[in-house]
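Given only the sequences and the hints, what does the whole structure look like? Please build it.
From first to last, the protein sequence lines are chains A and B. Take any residue in the first sequence, note its place counting from 1, add 149, and you have its number in our numbering. Take any residue in the second sequence, note its place counting from 1, add 6, and you have its number in our numbering.
Worth flagging that the hints you see were computed from the coordinates, not collected in a lab. No residue lacks a Cβ here, since even glycine has one placed at the ideal position from N, Cα and C. The reader is advised that the hints may include incorrect statements.
Restraint ranges, calculated between C-beta atoms of paired labels, are given here [said to hold, decoys possible]: (1) A:R163 / B:I294: 40 to 46 Å; (2) A:D265 / B:Q99: 38 to 44 Å; (3) A:K232 / B:T11: 19 to 25 Å; (4) B:T375 / A:D265: 39 to 45 Å; (5) B:W379 / A:S292: 48 to 54 Å; (6) A:L221 / B:E19: 31 to 37 Å; (7) B:T26 / A:C289: 20 to 26 Å; (8) B:L374 / A:S215: 56 to 62 Å; (9) A:S292 / B:T11: 21 to 27 Å; (10) B:W341 / A:C289: 23 to 29 Å; (11) B:R401 / A:D216: 20 to 26 Å; (12) A:S189 / B:R401: 52 to 58 Å; (13) B:V365 / A:C289: 35 to 41 Å.
Straight-line alpha carbon distances no greater than 30 Å define the calculated BS3-like cross-link-like pairs of lysine-lysine that follow [as the list claims (entries may be wrong)]: (14) B:K21 / A:K287; (15) B:K50 / B:K257; (16) B:K21 / A:K268; (17) A:K268 / A:K287; (18) B:K127 / B:K190; (19) A:K268 / A:K231.
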Amino acid sequence: MIALQSVSKHFQHRGKPVAALANVTLEIAKGDFVAIIGPSGSGKSTFLHLLGGMLSPTEGKVRIGSDSLYDLTSDERSALRKKKIGFVFQTFNLVPYLTALENVQVPLVLAGVAEDEQKRRAEALLGRVGLSDRLDHKPCELSVGQQQRVALARMLANDPALILADEPTGNLDPETAEGVMDFLGELNREGRTIVMVTHDLRLAGRAKRALRLVNGTIQPDGHARPGPAEVPAVAENRALSTN
Amino acid sequence: MRIQTLVWREIFERKNQLATSFLAILLGVSVIVAMKNITFYSEKAVAYQLDALGANILILPKSASLQDYYGADMQNEEFPEEYVTRLTTSDLQGLDNLSPKFSVPVEAAGRRFILTGILPKNEFQAKAAWQGVGIFSRPEGCGVAVDVPGMAVPAKETLVRKRVIQTLGTNEVMLGADMAAALKLAEGSTVPLLGRTFTVTAILPQTGTVDDARAFTHLHTVQQLAGKGAVLNAIEIVGCCNQISKGLVQKINQLLPDAKVATITQIVDTQIKTNRMMGRLSMLFLTIIVLVGGASIANYMFANVFERRREIGTLMALGAGSPVVLRMFLLKALWLGLAGGVGGYVLGTAMAAILGPRVAGVPVFPMLTPLFWAVGVAVVVCVAATYLPARRAARLDPSAALQEI
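Structure below.
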């Protein structure tokens, strides 16, 4: 379970404090699929980085399982990310000079997995996202949809229990975006916890529940949603109308 | 895949950006290697020439004059043979080819010549007290042990000029070229000198010095025939050039305060000046490579870190800790240094081989030692210049790096 206890995050902007998060308390159960919605610049990515142990809060505690994230050292948080957390980025963030296969191998290299095993797992993951025939292609040789699929395969390399997705479909066409959402739904059904930030209300409806980020506070809609596969395309309108 | 693979791929992906820094290291190292190489062979060549001149240090009686270097031993003043023992039993470094001499005038066929007594090498070996102090052992870089490729090995006959005679019987004599010609003597002939008959064992080649009118025989024979006991007129020494520059003459003066110590200062001074100049130039280029090469690399690495912020942030998000990021940049610096060092060594060695004969007038051949030196300098400069940028990369805020782009 993920728990935020009275978490605040303040930035200094031209000498003036700006509250990105204000006294947020939130629990996300294991296996949940949570969409965080809000306009651009509302601090959604900040929230996600905070959950991922990359941005320490000004106040409060963030717990992942039994670990109080920011009571750990920076390197201990890196080790935790390596084992338990997978990131998906809007701009994919593939390493441009590595092939698709090598990009997927990166988390395995960092985890110290043997080279043969790295290759075997990376090939299997790329096969799972339908890119078995693009193993030796560099990102610039792939379409944006294929790049995001490589990024999804990379995110799964260390079999994370928690997936943090930052606008995962923001750069994709609607059809490819649907495919990515289907894939996230599949991962969620496997028991992985997913926290996705998006400004796309329609996609937020594919999550089990949607939370709105307003003025640094998280406002839950209060409604648990059915599983992603059962959510109709118009569900987000109903969900968001309650906020 | 390994971290190393990431480093390699990145280097080859952005090789054009790396080219300027690589060139700075490559050229700096190659110039240093070329200078070291040329200096080494230049020193060897000068040492060889100095050795060919014979002894370069003379120990004479205190009152002796030194108008004629080669005839300096032919004076009436004497000093005890015990000075040889003092020298051989001292801890002085750089004494090579110690040659005690005692000369007396002789007449043969109505003409005046000089009979000079010298000690053969086996005399030194026979005296336990004289062994183990380096006499005749020729430390590296000194005397005829200097092996300069392309230069001829001295003929055996010339060894008397170098004062290294293996054996010399009590009734054997070696004649200078002029003396042999004047007396019409050949090897195997006999010649009466100071009432004793000597067998001519060798006719020495023409030297153009007073040695051509000399006869050389065993020191103790001359001492006995002159009836003056164990005394000497001179001790000739082939001193190691490096040791002379480090004050060997002064040390001998301290050891033998009642003797005069002279040296062929012009030649030694030239050598010292050349060595100093080359040493200063090497230091100058070392400073340049450290400053220019180091600054170029540091500048490139800072730019590289800035350019790769998103990549570093992504790697951190995927679980790379600070040590991994630091290692990635330092590995890159290590490879840059290795490549610059090896490349600089190859280029510098080639430059030395081509320019050596033109600049220093000596043949220059590849040496292995500068390789280690070149790689060491290049790696240290690269890693040191990269450390701050690498540390900045390792301390990058991944959240900021991922959001700002």
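Going down the list of hints, with the structure as the test:
no.: 1; hint: A:R163 / B:I294: 40 to 46 Å; verdict: holds (44 Å)
no.: 2; hint: A:D265 / B:Q99: 38 to 44 Å; verdict: violated (60 Å)
no.: 3; hint: A:K232 / B:T11: 19 to 25 Å; verdict: holds (22 Å)
no.: 4; hint: B:T375 / A:D265: 39 to 45 Å; verdict: holds (42 Å)
no.: 5; hint: B:W379 / A:S292: 48 to 54 Å; verdict: holds (52 Å)
no.: 6; hint: A:L221 / B:E19: 31 to 37 Å; verdict: holds (34 Å)
no.: 7; hint: B:T26 / A:C289: 20 to 26 Å; verdict: holds (25 Å)
no.: 8; hint: B:L374 / A:S215: 56 to 62 Å; verdict: holds (59 Å)
no.: 9; hint: A:S292 / B:T11: 21 to 27 Å; verdict: holds (25 Å)
no.: 10; hint: B:W341 / A:C289: 23 to 29 Å; verdict: holds (24 Å)
no.: 11; hint: B:R401 / A:D216: 20 to 26 Å; verdict: holds (23 Å)
no.: 12; hint: A:S189 / B:R401: 52 to 58 Å; verdict: violated (29 Å)
no.: 13; hint: B:V365 / A:C289: 35 to 41 Å; verdict: violated (50 Å)
no.: 14; hint: B:K21 / A:K287; verdict: holds (17 Å)
no.: 15; hint: B:K50 / B:K257; verdict: holds (24 Å)
no.: 16; hint: B:K21 / A:K268; verdict: holds (27 Å)
no.: 17; hint: A:K268 / A:K287; verdict: holds (16 Å)
no.: 18; hint: B:K127 / B:K190; verdict: holds (29 Å)
no.: 19; hint: A:K268 / A:K231; verdict: holds (18 Å)
Taken one by one, the earlier hints fail for this structure at numbers 2, 12 and 13, listed in ascending order.
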